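Could you build all of it, start to finish, from the sequences and the hints given here?
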Amino acid sequence: MPESGDAAWFERTLTITAEGRRAEADLASRTHFLVIVEGNERGRRVSLGTTPVAIGRRQPCEIVLDDPEASRLHCRVEIRGYDAVVTDLQSTNGTFIDGTRINGSAVLPNGGVLRIGRHKLRHECRTAHEAAEAEAAERDLTRASEYVRSLLPEPIASGDIRTDWRFEPSARLGGDCFGYHALDEQRFAMYLVDVSGHGTGAALHAVSVMNVLRHGALRGVDMRRPAGVLRQLNDMFQMDEHGGMYFTLWYGVYDAQRNVLGFASAGHHPAYLVPPQRGTPAPLQTRNVPIGAFPEVRFKADSIPVARGSVLHLFSDGVFEITSASGAMARLEDMLPLLVEPAHPGIDEPSRIYEAIRARAVDGTVEDDFSFLTVTFV
Amino acid sequence: MEVLVTNVSDRVTKVGLAGRLDTAGVDRVEAKFLAACAAGGSHALVDLSAVTFIASMGIRMLISASRAMALRKTKLVLFGPQPLVSDVLNHTALSDVIPIVADESSAIALVEV
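First to last, the sequence lines map onto chains A and L.
Per our numbering, numbering through the first sequence is continuous, rising by one, with the last residue being 1696.
Per our numbering, numbering through the second sequence is continuous, rising by one, with the last residue being 484.
Check the hints yourself; a few may be wrong.
From chain A, some residues computed to sit far from chain L (all C-beta separations above 10 Å) [unchecked claim]:
1) PRO1378
2) ASP1406
3) HIS1499
4) VAL1530
5) ALA1535
6) MET1554
7) GLY1562
8) HIS1587
9) GLU1673
10) THR1683
Chain L is faced by these chain A residues, among others (derived, beta-carbon under 7 Å) [unchecked claim]:
11) MET1541
12) ARG1542
13) ASN1606
14) ALA1611
The set of hints was computed from the structure by calculation and includes no laboratory data.
Computed from a predicted model, the values in this text were never measured in an experiment.
Glycine is no exception: its CB is placed at the ideal position from the N, C-alpha and C atoms.
Encoded structure:
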């Protein structure tokens, strides 16, 4: 160990101090933010300072959340030194940091997630430049997300075939997409696509597939015949030509004159047809590999008569692949009873099921893309 | 997610996977997994008994291995999936293309035919 008079000691000391000062200067140039990453106003960015910010369901909170599970005055966030500190204000449903309910005050680390009711807010500590870039990226994502949502058809509230749906991507963009449209006066097609993976790449691929299906843009293919549709899609979308992505698909065509539903699924779990008076759901699935996984595959189709008053539920695996409050992973059969539970007045079936799934999930979080389509044959 | 590669014989490699085969898990092991499956003309037995969950990226990894090995005319066999993993493999009909058996001895029997 050098003596304090040694030049080496002074040089070492100066290096540490300079690095320490650079780190302090870097921190001083940064601003703390809370960014809403789940819930209403996703993407909204609120800067934090030494003045505490109250969060709750009502004013005079500085951050007002339109959330029935938030208390009027739910918690307070303030910057103390370099930390964001959250204080629960005796909220009814609790304040959570990274999944753990807090008691009193706790530090919300940089990158940590604060959960209040159905809202999640991430703590970010960024320079002004970084914050501007993040906001620009967020705007791009919002536009892309709005475009994908614009491809989804409007629910059908009248007529012999009625539809409802719920669409909640896990990130801003996901690989799920679905649709339906009349093929002719007699036949009605419905379909759900789930591209492997998540995020922008999967969303782009899903949009490609959806636009082909929406416009029947399959050369030489009769869109009324599900097996032929799957075969042509498989030829068009081989995974080695599409970024290594495959997709699962459920495709059905209802013939309103014959009251028959023809369908084919590729790598997809069953859709379920619930008979009138909410009888036992019939699984509708044909054993085929996913689209794009292997070339030159023959696809199998099937059909089933449909009684008037039956309801078809078509959904992605994100609906049932949740971690329950007990920590166990749920399975498809765990959610099937929900399909025959009574309807709730004033809430559509897909939303009823979405809320039920959220209630079962740990931290109220549905981890994967949630797509649920209900078709009622009146 | 972990991967462990062992030689069963000079023509058969066993590749053990453990943990969650989700996006993060696949990112960690995919390169090593695919290299092990495609190595030197050997057949590959994939032990799924310690895989607790498989997502679409995990399925994609298995499909990629299968396609690569088909080109080399070697066999890929999966064995020992847990019920949750078995559900997903069943829905994707993967067993129509990649054999899936209950245990290691059954898997060895398939490749030594």
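**Reported absence of MET1554 (chain A) from the contact zone with chain L (all CB gaps over 10 Å)** = holds (17 Å)
**Item:** Minimum Cβ distance from PRO1378 (chain A) to chain L greater than 10 Å, as the annotation requires
**Value:** Nearest chain L Cβ is 42 Å from PRO1378 (chain A), so the label holds.
**Verdict on HIS1499 (chain A) as a residue remote from chain L, using beta-carbon distances over 10 Å** = holds (26 Å)
**Request:** Against chain L, run the beta carbon of MET1541 (chain A) and see if the smallest gap drops under 7 Å.
**Result:** violated (23 Å)
**Asked** Taking 7 Å as the limit, does the beta-carbon of ARG1542 (chain A) come near enough to a beta-carbon in chain L?
**Response** violated (24 Å)
**Asked** Should the label of HIS1587 (chain A) as a non-interface residue stand, given a Cβ cut-off of 10 Å to chain L?
**Response** violated (4 Å)
**Message:** Please check whether the beta-carbon of ASP1406 (chain A) is more than 10 Å away from every beta-carbon in chain L.
**Reply:** Per Cβ check, ASP1406 (chain A) is outside 10 Å of chain L; nearest 31 Å; holds.
**Closest C-beta approach of ASN1606 (chain A) to chain L relative to 7 Å, hint status** = holds (6 Å)
**Asked** Can we confirm that no CB of chain L comes within 10 Å of the CB of GLU1673 (chain A)?
**Response** holds (24 Å)
**Given as non-interface: ALA1535 (chain A), which should sit over 10 Å from chain L by C-beta** = Fine: 25 Å to the nearest Cβ keeps ALA1535 (chain A) off the interface.
**Asked** Since GLY1562 (chain A) was said not to touch the interface, does its Cβ keep a gap of more than 10 Å from each Cβ of chain L?
**Response** Incorrect as stated: the minimum Cβ-Cβ distance to chain L is 7 Å, not above 10 Å.
**Whether VAL1530 (chain A) stays farther than 10 Å from all C-beta atoms of chain L, as the label says** = It holds; VAL1530 (chain A) is separated from chain L by about 20 Å at its closest Cβ, greater than 10 Å.
Violated hints, listed in ascending order, are 7, 8, 11, 12; each of the other numbered hints is respected by the structure.
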